[in-house]
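One-letter residues, chain by chain:
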Amino acid sequence: MDYEGRARCINLGHCTPACAQGAKASTDITYWPAARRAGVELRTHCRVREITTNAHGMAAGVVYYDADGREQFQAAEVVVLACNGVGTPRLLLNSASGHFPNGLANSSGLVGKNLMFHPYAQVYGYVAEETDSNRAPPTCLWSKEFYETDRSRGFVRGYTFQFGRGVGPVAEAVASEAKGLLPWGAGHHAAFRRLNGHRLGLSAICEDLPEEHNRVTLDPVMKDSHGIPAPRIDYRIGENTARMMEHGIAHAKKILAAAEATDICVNSPILYGGWHLLGTARMGADPARSVVNEWGRSHDVKNLFIVDGSLFVTSGGVNPTSTIQALALYIADQMKQRLANLFD
Amino acid sequence: MSAYSPLTPAQRDDLRAIAGAIIPASMEFDVPGADDPAIQADIVATLGRDTGLVREALDGLARLAGSPLAGLDPARREAVALELRAKGGAAVATLTRVVLQCYYRDDRVVRSLGLEPRPPYPKGHVLEDGDWSLLDPVRARPPMWRRA
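Quick note, the sequences are listed as chains A and B, same order. Mapped onto this note's numbering, the consecutive letters of the first sequence carry residue numbers 1 to 344. Mapped onto this note's numbering, the consecutive letters of the second sequence carry residue numbers 345 to 492.
Read the hints as simulated data drawn from the structure, not as lab findings. Quick caveat, the model's predicted, so the values are computed rather than measured.
Here are the computed lysine-lysine pairs in the DSSO-like style, where the Cα-Cα straight-line distance is at most 30 angstroms:
hint, chain 1, residue 1, chain 2, residue 2
1, A, Lys-144, A, Lys-24
2, A, Lys-336, A, Lys-302
3, A, Lys-179, A, Lys-253
4, A, Lys-254, A, Lys-179
5, B, Lys-431, A, Lys-179
6, B, Lys-467, A, Lys-24
All chains should be modelled from the sequences, with the hints used to inform the complete structure.
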């Protein structure tokens, strides 16, 4: 049904990139129009190089390149970062100065560390019934059965099972050919008709845990087109997460067997999804163990706030955007409520 | 003046032959093969950033075949195609992908799959309701989650 000015979903099936119907509650519809009506000025195609600070160690503004590549300075009473788990530490590290030689807001040494993702263990098979393929939202059912810690499983924390209904003909053909399910030559057409529109899949969205060796640093050589040092990412899947993924694969196979699925395929981790950028400016009460306090303000720079996925302390075994939005709203509320003594 | 083609005439001939070996025409399913002229034109026109790897795959194919693929007898052509597939690698995977993606977006092929050859917007799709009573046991059971 229509909801708050958004048209009802009509099952376009391409929810992830965008919704032509305008039914999806994406931020271009839910937040930006309201923000601009309230007076926010949006400058697009700009790239911030660094946050500058004043003699008191407070953020003074940002140096950025505008759409024409010209260097600009924007003064600010408050700087709010929302560049997520790679962009935020990159900008903080690129904002090193005499006052903050190890990068801005980095007295803990944790800026860029504890990078977390959501490694997805994907398993799918093919069932006799039609699965509506790409004729509706691609993910349609979630289970939290394995979300909470159960040490008998051999790992802590857990994962969400996300069920999917399949893909369209082109994606199905390319994927099933690569998996060796779709033959070349005479048997091609019959095999494709058995596969297309019959896929049933599920993914374990695993809760990655913080490990300091997984990190974002500045690349010593690589720079972007404005000459700003690029981020370098060091990451490997930890033992706990790997055991979680194996558990997810085993249970997904059981579920697919119960559904009488055949031609079971495993992609673990999947290459094209789940790499949500989290944890590199963690939130916490202890300035030695966190980058921002419990309401999003930098421990070191009292007019600098962070409202993105870099705040996460663990990754949560679920897609993170709703939680990031909730944190941003919470921090904005805190800023309003504490306005009189925001910088104390 | 002829239109620019990213492939040489020999490469286009080999592309047509290997595409037909990957997806032959079928009277049973009333579909053209991937060597169909319209599908071939779509492949060549949309190669874009895949051009380099497709050329590399076609060069490899020419070396395997030793002569134009289309000129080989059907058994030898099939053997060369299977050898190419077994060889694998990024170039062969790219060649295969561009053939598959152009074939399965052809209107005739889409219709043969029981689908309408149209973009999803603005018409959308109407789906039958599932059996919501399947969730009754889930609704009835106590929470499995920890209250924070």
